[in-house]
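The primary structure of each chain is shown beneath.
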Amino acid sequence: MLIAVLSGFILAAFAPWLTRAFGDKAGWLLAILPASLFVYFASFIPAVSEQGAVVLEYSWIPGLDISLNMLVDGLSLLFALLISGIGTFIITYAGGYLRGHEYLPRFYGIMFSFMAAMLGLVLSNNLITLFVFWELTSITSFLLIGFNHEDKQARWCALQGLLVTVAGGLALLAGLVMIGITAGSFELSEVLAGGDVLRDNPLYTAIVLLVLAGCFTKSAQVPFHFWLPNAMAAPTPVSAFLHSATMVKAGVYLMARLNPGLGGTDLWLYLLGIVGALTMFTGSFMALRSTGIKAILAYTTIMALGTLTMLIGIGTEAAIIAAMTFLLAHALYKAALFMLAGAVDHETGTKNILKLGGLRGLMPITFLAACVAALSLAGLPPLFGFIAKELMFEATIGAPGIAFFVSLLALASAMMIAAMAAVFAIRPFTGELKETPKTPHEAPPSMLAGPVVLASLSLIFGLLGFIPAGAVVGSAVQAVYGSPLEVELYLWHGFNLPLLLSVLAIVGGVVLFLRWEQVLDTFSRMTFIDRFGPERGYEKSMDGLTWLAAWQTRTLQNGYLRTYLSVTVLTTVVLTLWAYFVRAGAPVHIGDLDFTFYELAVAGLVVVGAIVASVTSSRLGAVATLGMVGFGVALIYVLFSAPDLGITQIMVETLTVILLVLVLYRLPGFLKLSSPAARVRDAAIAGSLGVTMTLLILAVNGVTVVEPISDQLTAWSYPEAHGRNIVNVILVDFRALDTLGELFVVGLAGIGVYAMIRLRAEDKGQ
Amino acid sequence: MTSMGSLILRTTARFLLPLLLLFSVFILLRGHDEPGGGFIAGLIVSTAFALYLFAFDVARTRELMGADPRFLLGLGLLIATLSGIPPIFFGEPFFTGLWWPIDVPGFGEVKLSTPLIFDIGVYLVVFGAVMTIVLALAEAEE
Amino acid sequence: MEAIMALVVGALFGASVYMMLRRSIVKLVIGLILLSNAANLLIFTVSGLTRGAPPLIPEGMQMPDGAWADPLPQALILTAIVIGFGVLAFAVVLIHRAYEVVGEDDLDQMRSTDT
Amino acid sequence: MNTLVAFLMLLGAGFVFIGALGAIRMPDLMLRMHATTKAGALGGGLIAIAAGLHFGEAAVVVRTIAILFFVVLTAPVAAHAIARAAYFTGVKFWDRTLKDEMREKLDTKGNYLRSGLEQPDDDAGDDQRG
Amino acid sequence: MTLFVWNILLAIAWISLTGNFSGAGMLTGLIFGYFVLLVITRVSGQRPTYVRKVPQIIGFTLFYIWELTKSNVRVAYEVLTPTHTMKPGVIGIELEGDTDAAITILANLITMTPGTLSLDVSNDRRMLFIHAMYIDDEEQLRRELKDLERRVLELLN
Amino acid sequence: MNLVVALPVMIPLLAGSLSLVFFKSHAAQRWIGVLGTAALLIASLVLLAKTWNEGILVIEMGSWPAPFGIVLVSDLLGAIMTVLAGIMGFAVAVYSLPSISREHEAFGYYPLTHLLLAGVCGAFLTGDIFNLYVWVEVLLVASFALLILGGTRGQMEGAVKYVTLNLFSSIMLLVAVGLTYGMTGTLNMADLAVKLPEVENQGLVTVVAMLFLISFSIKAAAFPLFFWLPASYHTPPIAVSALFAGLLTKVGVYALYRFFTLLFAHDVGYTHEILLWGAGFTMITGVLGAAYHYEMRRILSFHIVSQIGYMIMGLALFTPLALVGGVFYIMHHIIVKANLFLVAGVAYFMRGSYELKEIGGLWRTRPWLGLLFLVPAMSLAGIPPLSGFFGKYIIIRAGVEAESWGIVAVALVVGLLTLFSMIKIWNEAFWKAQPEETAARAEQFEKALNQRAVTLMVLPIIGLAIITVFIGLAAQPIYEIADAAAAQLLDSSDYIEAVLGVQP
Amino acid sequence: MTPWVVSVVFLLLIIGLVLSFIRLARGPSLADRVVALELIALITVALILTHAIATDVSDFIDVALVLALTGFMAAIGFARFLERGGAGK
Ligand code: NA
Ligand code: NA
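Protein chains in written order, with this note's numbering: chain A, 1 to 766; chain B, 1001 to 1142; chain C, 2001 to 2115; chain D, 3001 to 3130; chain E, 4001 to 4157; chain F, 5001 to 5504; chain G, 6001 to 6089.
For reference, chain A alone in the conformation it holds in the complex (with noise of 0.2 Å):
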């Protein structure tokens, strides 16, 4: 299993190098994966149907409670079988629909790993290996969206729709994580069997938040849906398969594996049911409004993933029985349609619906296929597609709590999404020839193949739905509801309210249709839709990031030294200051003022001369007053009782003083550059580090220490490292490392003076 899943990623790594060797029949050679896959995913049928779930164990991450364990129930089958039956057409389709593109190899490659990310998500027993496929997804799914990617626009979908998905993604991970934590284990199968425990947990709220925020964004739910449309960018195949089966269906997905776990409470409920109901009838009004076949298809797909959304939400058997059933039927139909879509966009040239037209007698095949799947979006008999509908009305008339509300806007909906399916399977085709792009033909067999089977497949599950009800849809429905369930679907439930609804919905569509100009032309001048939109939240949002951004960074890094500085500066006197008053107590020591009026004399000259450094303004004045002070300190050090330290102070300070004057002398003397203001507020700066030390000194004086380890190194000095002057011995033995370190500091300054003199470069700057 774990081969099969991650089967994808290989040949991915292959797929780019076999498309160039074999040219245009690499899509019938590389579609022998998805389908071996199906065949392979097929075999768990009866098993699965058998003992409800499977779980495969791989371990991968114990330490961090990540498996690679994998779940083979109803619902992960179903899915698994869609994205590799699905997969096998789409991947034949694109080597007709990109025969010959210069990225097809690269295609390939992107769209295999996509695959098995998805075969992933969906398989997975483990919350945040799960989650590691959720992210591939969003990836993958980025690089397909930009195919097209020297198009500007195409880049601004792709990431438009990766930062929402993500964004929810990160979400959905710490929900996961907080699961986890809750539930005590990251298997999906021990979670769900515990639901009460998430339940009943205080961060069930936040939990189901944050997963939904994942699940909502990747599903395109109101009001995160923009993305969808504008993901439109992919090439054909992509949409197809993005919107019919994967990627956008993974939070569906999600929202169902999890319904046993966190389902069942009124938060789900509402949350689920109301946000699924307005964002189908947000995709169904859209697709209304839209003229690209692309466009009117990715709305239909906000529409489904609504629906979807709210009948997990609701819950109910028949709403579960409802949602699978209704996943199985769109991921039909909306592959094939999109197939369809592109086929003719393909030909013609043109995706715009009112350019197009008798298209009939140049693509028979295609417009039957497009009218028996178009039908099945439409919700007649014998398709599918009625089947889910009536099941869907079924259950939105009996959801708890909210029933007018949902089945109100689920029967608007039908009716706008049966007339664009007539619009969409009628309009290019019918009527007279109009002029396209391209001299319009039929598509190759590559790309019809899939369309056709899976029309196909929408009438023959219509007419035979023990088919599906038997193989995966019940095993699905059981897997989601937590428990086993009857499932039977037939077309025929006799005379009720989803039949009635369903009839309105049909007769509401074909009036909608037959005014659908008129139609298209009110809505289109509601032009407020996309001003006020959740894309432009998106645009403001995103401008929002660029200001701040630009705001935050000119303000913090504004090339000014000294509001570095003074801003170290604060914070080292502030974190100390404060853990010295807060923490500490203000110790303050004063000891023994023992001091012969020499040393207070030198002590006070060093700080006038440093005073008289920093104010002066001669330039080599200030560096003949370090050296003042350098002599200065050098006379401390030798009045308190430290030979060497003045030897090495006064060289150096000689030194320094040498190096600053062979330095200076091309450099201009002091302006007076900054307002009086400035230089008071600095002096505060400063002086409050100065103030600082003070404190740290005069605390620290007041700790004695018992036996400094120099007590130690004091009487090995002679004995042991044979030495009278311990503070050389200190240097060259007792802690020679220092002074290994301290030569290559001094070595290190020589080359890079060196290198800083004598390499001079072309200026590039300015």
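None of these hints come from the bench; they were simulated from the model.
Check each hint, because a few of them may be wrong.
As the list claims (entries may be wrong) - For each label pair, taking beta carbons as the anchor points, the in silico distance ranges come out as:
| # | chain 1 | residue 1 | chain 2 | residue 2 | range |
| --- | --- | --- | --- | --- | --- |
| 1 | E | Leu4080 | G | Trp6004 | 45 to 53 Å |
| 2 | A | Asp543 | F | Glu5480 | 43 to 51 Å |
| 3 | B | Glu1139 | A | Val615 | 28 to 36 Å |
| 4 | F | Glu5295 | A | Thr555 | 47 to 55 Å |
| 5 | G | Thr6002 | E | Arg4151 | 36 to 44 Å |
Values in this document were obtained by computation on a predicted structure and should not be read as measured data.
The C-beta atom is built at its ideal place from N, Cα and C for all residues, glycine as well.
Let chain A serve as the given structure and place chains B, C, D, E, F and G with the ligands on it in line with the hints.
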């Protein structure tokens, strides 16, 4: 011509140079027992050559030094680092002092040792580094 | 005496930071030199001040006579002085080159790399 | 012996004090240098001798002699260097300065100083530096 | 020859520094001195000719210190009295000696004697310019300086 | 006695000295460059293996027993950091062969690199606080010199800020070391771990801890002390930037880890709370800076800052898992961040600019470079299954467990913004077509491209990318090492016993 | 050594130091400052020697020796600076 044309300074520099050189060796060797050591000695010898540089010019100073100061710098670092290695052949950690006390006439007991070699490395590094800097600066000026 | 030295060290820190906050790169480097001195004196002070007793072992003895100043801080300071010297030699030349390249002694003219 | 040491110390300190006072009181650079160079060097030297006498050990004595030697050797050289440089850069003299024989013989452009004793055919540009 | 003197001098300096006045000390000093000279004299054309006689150096050092003391008294008087009686000026002194050592020693001595300060030697080494505190009696001053020069040259020859 | 503990310091010191002795021979320097760093890498791997097998290793330099002499100590954290330094050193040495100009070589590029590594390894391994100061200075001065190699105006201006602020940091470190000695009379870290708790006024210990915190936070470029980094890191040759990016700030982070687990764990509620706030702001300010910029090296530089926040967050939360996360994050980050700079360098060699607005079309012509960019870029952004994800995951999980919601939220949002700026680079440099205005220059650079040079530059990139993928896919062994390292950090007794030879 | 002698000597030297410092700070020309610095170096030599006598520790004399040897270097450096045309204002 260089502007530093003081005959008095040149003469003094020539006179002081050997004295300072000798003094630096003295400071180096006795550092272990009295104030001094490689670092101070290195600075003194650098001062001596800096004086010479001030009195004459870069070319003459380089000529007098013989080796490129950067070589002395590297050599000093190498000596200092290598001085820490012999003890490992006696099963001791790096920088363990090895002592070969020799009664050198005129200096009493001269304690030839790895710390002394280390200190000689220090001396060379300081000398090399300071002269690298000073000469580079003086050259840049000229 | 430690208390007085505490004031000296504080004043040195203050003066050096004040210099570093000027716009002149020359003052900046002088400030750095003072700062280094200040830190060394701080170590010297907090380790305790001893008069007239350098940490040297007289001939014929195994230990210093009577009291002696703690040699370890002295060794540390010596190392720090040398390191400071190396670093400052670099800094001194750096400002020299920065001046040559930028043509100004004014730090405010050196902002092209930040934003 | 102690008295001698004390005397030398006091004398030395006195000279140093006078030198410093001169540095404050004298009206121009050259005159200040007359004070500091001599008084400082002698003062320092006397105290060095005092130290040598005080300790009385050979090792210390030679060191104090070395101090004396170096002080006395380097002080005039430093003074010369500063005075010469200051002169070349046109330092202001006290307004009661009587004459300056050097000014007209100095070619500041090439820092060339003539003696005024040259034969007309002497090559003025010939530099005899060693 | 001069090199050998130098070597001896360095050896003396060495034993002075080490305080080890033994034959062995002298030997070590000679060895180190030799190495120092080895380093120094690799540059040709600067064979030192400064010093010939060690005792003369010592004698002259005493003279030097004496001159130093005199000059200080003079300056001290000027500094300590409230009014300035100086008559300063710059004058040129013709030089007789022409070795580096002679000129340098003379110039330094002049700096250390009362009221005079060497400024510079002309490039042809024939004239020493000095700053003097009192040039009211210029001839007297020149005479004194000539006398000093004679002593220096005597010492050196 | 464990000689191997000192080898990661001694090898680069020797290599550096030798390079200086042979400063006239470029060939010798190059060979020493590659062989020396390779030796360092091997030695550090041996050290890690030995530390893993035998526990904390100690060498008493000069045979003087702790706490009197200086000891080098290799615990797992130290050994891990050393290995990372070895990897970086070797990768950059190879990368430098074609990318560093002859002139730079002539002026000490190789010895400077060795000595930088020596300083870094010394800082990682030393068990003595003053010795740490010394090594920090070594690496600092080496970095100064590397930073100005080339002498452009930008380098000079950046260096003035870099030098000033880092010197201030060093001075504060020195002051803190001095105060510590004044309070305890010892410098040995293990000894301090014993003696600091004996100081009567524990508040005073906190005060000194603050000074260490300031100093190391400047080195680590934490908020609000990071200014030096974005001002300078984008100015030197790219190989140098990569080395800096990978290693330098990590020394600060390492020191924070060492000090605030071993020495200053007495007032965690106070000190680590400050660290936590710092971590949060560091993440945010850094990532916003990156969002603002359009020059690759500047973007990457600000990301260094931002990522430091995660590492400090691991320390600040101060739970076992958080420390694991922090250690894991450090390991991941060093590899990834350096690699990004290296990739940017290759892009530069192909297009002649680091400005995103001036380059493009790389994905079209050089898809392999795109993949090599994506690996570290996505890892940096925390995209699974690359190394960065697991680091982030562990830290976030630790944050959730500690119920520090604020910092978790910040960490997540910053992850998103990191992705944003990585994608910005991707979109502009790789996806966008080469802009017309700069096409001529790009063509010129393409023409001048030397295939062998590109190969040499790409090899280390591939190597680092493989490590990134490996840390991700085979996270378990890395996790185990990080876990053991964190355990050593949390329980100092092993460290103290290994160094002082007595039970604390 | 008699304490009062030491005190007087210190006093004179310290006053000298202060006076030189005033000259150092006031200038006016760079040469004046350098002369003052020279003098300060000399006074420092004297102070160290006095301290050695006062504490009876001869080791401090080495410090004075080094200072006597190298103290004039700063002056030479400044002189060179002046001659090179650095107009230190
Ligand atoms: Na005179
Ligand atoms: Na970094």
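Going through the hints against the structure:
no. : hint                                 : result
1   : Leu4080(E) to Trp6004(G): 45 to 53 Å : violated, 23 Å
2   : Asp543(A) to Glu5480(F): 43 to 51 Å  : holds, 46 Å
3   : Glu1139(B) to Val615(A): 28 to 36 Å  : holds, 35 Å
4   : Glu5295(F) to Thr555(A): 47 to 55 Å  : violated, 19 Å
5   : Thr6002(G) to Arg4151(E): 36 to 44 Å : holds, 40 Å
Hint check: violations occur at hints 1 and 4; the rest are consistent with the structure.
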